[in-house]
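Enquirer: We have chain A; now place chains B, C and D with the ligands onto it with these hints.
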Amino acid sequence: MAKLTMVQALNLAMRQEMEKDEDVVLLGEDVGVDGGIFRVTDGLLEEFGETRVIDTPLAESAIVGSSLGMALGGLKPICEMQFSGFSYLAFHQFESHIARYRWRSQGRYGVPMVARMPYGGGVRALEHHSESREVYYAHTPGLKLVIPSGPRNARALLLSAIRDPDPVIFFEPKALYRAVREEVPDDEETLPIGESRVAREGDDITLVAYGAMLARTLQAAETLADEDGVEAEVIDLLTIQPLDDSKFSESVRKTGRCVTVHEAPRSFGPAGEIAARLMERSFLYLEAPVERVTGADIHIPYFAREQAYLPDAERIVAAARRTLDF
Amino acid sequence: MAKLTMVQALNLAMRQEMEKDEDVVLLGEDVGVDGGIFRVTDGLLEEFGETRVIDTPLAESAIVGSSLGMALGGLKPICEMQFSGFSYLAFHQFESHIARYRWRSQGRYGVPMVARMPYGGGVRALEHHSESREVYYAHTPGLKLVIPSGPRNARALLLSAIRDPDPVIFFEPKALYRAVREEVPDDEETLPIGESRVAREGDDITLVAYGAMLARTLQAAETLADEDGVEAEVIDLLTIQPLDDSKFSESVRKTGRCVTVHEAPRSFGPAGEIAARLMERSFLYLEAPVERVTGADIHIPYFAREQAYLPDAERIVAAARRTLDF
Amino acid sequence: MPRGQINVARELEYLSVLDEDGKLDEEHAPEVSDDDLKAMHRAMLLARRFDERMLNLQRQGRIGTFGPLKGQEAAQIGTVAAIGDNDWLIPSYRETAAALWRGTPMSGLLVYNAGYNEGGRIPDEQNDTPIAIPVGTQMLHAVGVAYALKYKGEDKVAMTYFGDGATSQGDFHEAMNFAAVYETPTVFVCQNNQYAISLPRAKQTQSATLAQKAVAYGVPGIQVDGNDLLGVYAAATEAVKRARDEHRPTLIECVTYRMEVHTTADDPTRYREDEEVERWAKRDPIDRIQRYLKQRDVLDDDAIEELESELKEEIETAWSQAQEAIEKYGDDPLHMFEHLFAETPPYLEEQREALAKALEAGAGKGTGQPQANGEEADDEEADEETDEEAGENGDNG
Amino acid sequence: MPRGQINVARELEYLSVLDEDGKLDEEHAPEVSDDDLKAMHRAMLLARRFDERMLNLQRQGRIGTFGPLKGQEAAQIGTVAAIGDNDWLIPSYRETAAALWRGTPMSGLLVYNAGYNEGGRIPDEQNDTPIAIPVGTQMLHAVGVAYALKYKGEDKVAMTYFGDGATSQGDFHEAMNFAAVYETPTVFVCQNNQYAISLPRAKQTQSATLAQKAVAYGVPGIQVDGNDLLGVYAAATEAVKRARDEHRPTLIECVTYRMEVHTTADDPTRYREDEEVERWAKRDPIDRIQRYLKQRDVLDDDAIEELESELKEEIETAWSQAQEAIEKYGDDPLHMFEHLFAETPPYLEEQREALAKALEAGAGKGTGQPQANGEEADDEEADEETDEEAGENGDNG
Ligand SMILES: Cc1ncc(C[n+]2csc(CCOP(=O)(O)OP(=O)(O)O)c2C)c(N)n1
Ligand SMILES: Cc1ncc(C[n+]2csc(CCOP(=O)(O)OP(=O)(O)O)c2C)c(N)n1
Ligand SMILES: [Mg+2]
Ligand SMILES: [Mg+2]
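Chains as they are written, first to last, in the working numbering: chain A, 1 to 326; chain B, 1001 to 1326; chain C, 2001 to 2397; chain D, 3001 to 3397.
Pulled out of the complex, with its shape left as it was, chain A reads as follows (with noise of 0.2 angstroms):
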């Protein structure tokens, strides 16, 4: 048991995995002699040589493509897209192979494989270095999608994606990286993809957030129950897609008001299927509108102007307050 940043935290499921896991390979721009450039490699190639930590050219539709292949191969890659913003390079290759490749051979060859990628914003980086689009991957079927939101579990998720039979886009909130440092077992541990959690128990009203959105969230509803007196339930769902919607869809059954959260785009964003889906499960107990707490339809601003875009415990409360008051 050691208290770890999420980065260490990554790497230290790696780590034991390769250990464990022959077939289990790295690849990406730098992930090799330089570590990642967050340094979530770090080391690894040390331990396992290059052959099975690969730094390669730059070229990230070859990356994605390649380790497609690798898969077939009957390896098991893990990928890193240096940040989300760049995956777009290797768009087709994940919607058009990837998510496909069982389908096409009818379950003759499955695709282990792992892309990782740092997403989000907060860190006062560049253009394309902020994005969260998460979206795009969790609108295409036969791709899993998992956003973790702490160390422990960023850590447990990436196990059980390594392990997964199918594909897994990994979005790594990269404001977390070393934002909190938390006790991570020594001893491997998974968690199951395509569960959320309940994060903090209320009666009030139900707030749903992932990724780096939840220590916000968290904030939030502490405000919430120190100044109003209101007890927020917060689900953090750890997993996109598949979405589970049972703990959200509970909770609001049992709390009637609901905030939803999160950092990409409003229109087309991902509380727009959590409002869907709340309608489809609980509309009956629904006494107020499924608020949207979210970035703007526009692009996240350079980083001087980046926490204006984001949403904030404010925002979130000031939601809350509305959807309390409706």
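It is worth saying that the hints were derived from the structure and are not from the lab.
You can take every hint at face value.
Pairwise CB distance ranges, derived in the manner of DEER restraints:
#, chain 1, residue 1, chain 2, residue 2, range
1, A, 74, D, 3062, 45 to 53 angstroms
2, C, 2126, A, 47, 32 to 40 angstroms
3, A, 185, D, 3062, 38 to 46 angstroms
4, B, 1186, C, 2320, 51 to 59 angstroms
5, C, 2328, A, 2, 54 to 62 angstroms
6, A, 280, B, 1001, 41 to 49 angstroms
7, B, 1254, D, 3103, 56 to 64 angstroms
8, A, 51, D, 3103, 43 to 51 angstroms
9, C, 2152, A, 2, 29 to 37 angstroms
10, A, 190, D, 3062, 43 to 51 angstroms
11, D, 3282, C, 2208, 39 to 47 angstroms
12, A, 190, D, 3103, 54 to 62 angstroms
Beta carbons: idealized from backbone N, C-alpha and C, even for Gly.
Expert: Positioned in the frame of chain A, the structure of chains B, C and D with the ligands alone reads:
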């Protein structure tokens, strides 16, 4: 005034605008000598020559990326993706450049280009030739996304798209390319991008559809009228982004009930956004949950089974009845 | 020397062994037994006849759009015959001859082309990947496969096919580069059949040959007469050996010709002259190898006749099997939910059940869809109709 | 000849004019006046000093991550000086020297690097495109621009910059091919600075030179000593002339070296030896041209000293202007809604208003975000900290 198919109507829009505006050029695979694989650009090479109607090498990213460059250089390119299913090879050009160029250059450069692409099922085609992935574009800030539903509005919307100072993604429902003929005025006609229309009036339930699903939805409305004495109001979105939520919200304020229809996969699909908007705009009027009649969260099967996958009038009627009975 | 030429041609060659006049270049002829030659000839002829039969079934509306291979039999068989049963094949969508050589049953291909996903399954014992339609994107998979083979110390190579048009795609470039950098046992086979749908080779790229694109990656490139089975086989054998022994990739350009339509939705009269097609007909790869085998008394007219009827029977048997399968699969629309994931998750089970109910209640027939060329569109000019048919579902493939 | 070499080297060359020992190759020296050389030298020095100042501002936390250009001044100025004011420049993200040469104000670059979008606006009279960060994707824009220039009969060319890493991207391949096929007036300038972040040139591709990648497209390629201003200028002048007169693209590989960090978030000690950096320091492009100009009495130490203080003042003035601008822009977070479309649509006005209200009420400060290196993460090892800082926002750029 002539009775035209959608293919002919689209051709007319381009021909007339090319006659008027020398800056309009076409490019894509097989758009010239072959007249486009669906013949949408038939005869344009002969009329305008090969500097204006450009048969490109086989490279989607290059088609889209060089179109952007042409726009910077003062042209108004209309590029064709042979099928929307191949546009993902250019997805980074759309997301990372086309959607951002005006913003990145802070107004210095606009990108007056149109990317035309056939989408959707129903023509017994091969894999990748029948998908509906409008969300990828609709969720991307900086892009407009238009989907016509008939020859006349296709012509009018394409003309508006060509003249739009910003990039427009133009999804053509290939199932409708030759399915119907409609009177199309000889003189130019435009329709505003961003406005939906009431395709059928009714007071009992609202049905929202677009593209190739519109006809099926209208058929469902007829069945409901004939068999149930229910008058459905049908909204034809025409533009997906920016989504005109005024007409369907108003309609629901009248009817209290709504069914949305699309071919795209269900989860994180357009219907989710419509549900969220209805929550926000017409919550107190909703007498039943908004039902979604959509493609399943799978890839559209090969053509022998595609009609079983696609929403049709039967499924829309059934959903409407459930909603009415709620 | 402050200015001078950079020499890069060392590993860039052209090759032809049995020319169109039947002249054999002994020096460069590959070592290959008569039996093997007979087997290759048979495979070429089977592919040709199967292709013809598919075209005919498509014209009758029994199967859907597909891309015929006529003219490319030597390019395919000459290359695929150079790899072993355990090696990997990563094709695009026109490699019917190669697929049959590898063991893919004709009935499976027919089922696939009749629009049933089940037909896409590759037999378990074959290291082949399914048809890949997005042009130029599958070569990367071959590089990854080859990486895995080398990683696992398996003595196998990966051969991948693509067209002249595919060489313009970015993924081609990335695949060649990765293969060279990783030193993977990959053989890149470009079937330059002179067209990418309507675009002639000359407009696809300004390079004099496609083979020379290998120079960009520091790997060997060879341009071979793709209608010359012996030449193709020689080039492929060398490349496979280089892959196996040295873990070095090779780019082979087979110069050939698509003698048929691009796909059954295509109308080639829009973009090429009959005269050109006739010119290439004289270079027919089957004629060429047949003449040679007859000359060498490996084959005679009787043997060929016998072979023809044998192949015909095989093909008809396959079609019968396919029809049976199609009938069976036709009853199972819900099969569409299979195989997306190793385990079908609960939300998909739910969606399957919902659809099952809807289908039972009469959905799934496209009710409400205006019919193509239906009432409203039937006032078409007669001569337009042909075009429209050609364009009906696009030149997909 | 049934087998032989394909010769492709005709248009593939290398070039060096003023070598690192100061030896001039008269025969290949470009025609360039002393005044022009002085201007180029000045531009190189300005870029160097500005770069140093930016690095220093970044270390003080006054601006954000950026990619220094130190070492690449000759590669940039030698090429950009070969195009005219009306020609187009399509850069990537490291072309500060070229941008300054073109007229981009330093203050704008500082504002951009301080995280304000406003800094990205190119002055109206400059045909330059903004910084493009997705590696290898902007060359396609240059091809399109060049197509438009030719289409409109304008006598202009488009020059585009990219790195050694960028040559591995599919878009590089597609851009080169399109430029060749359309015969556009495009000049492709590859600054091979030996690294793509941590990946050395030798692992980027197996081709002996990057210039030879031109062979794949049938266009001329030239590898030039990128720290030799005269050589670069000669190669660029030829290429620009070829583009202007013949509408033919050229690939220029400038062999140079990134003497600084990849970006300010990078720690090069992880992947390269000091000794290598020192070796390249001896080939410093500014030293080389300065020595030459002194030798020819175009410059002397006094002139250089005067120049240095002039540049320093320019830079400080720019920083003052930038600070004023930053202060102004800092008050206007809602500016983020500007310029997405020609006209801001109603739904965005609505979103802007909603955000305005929220900000007024106190939102927009990241409340609830755990702080990086904050309380919970501060029990870090000291030596880890450095690394973590390096990795803090990634080596973006
Ligand atoms: C990425 C992509 N773009 C477009 C298409 C449509 N298309 C199918 S085949 C083809 C031409 C391919 O030409 P080539 O690579 O020479 O192969 P050939 O068909 O001649 O065998 C095109 C454009 C496609 N399948 N994939
Ligand atoms: C598509 C894409 N992938 C990854 C990155 C992250 N990244 C920024 S610069 C860089 C290396 C670029 O190397 P090179 O092309 O040689 O240019 P240099 O930075 O050396 O000037 C990488 C990987 C990016 N910006 N874009
Ligand atoms: Mg071809
Ligand atoms: Mg570099």
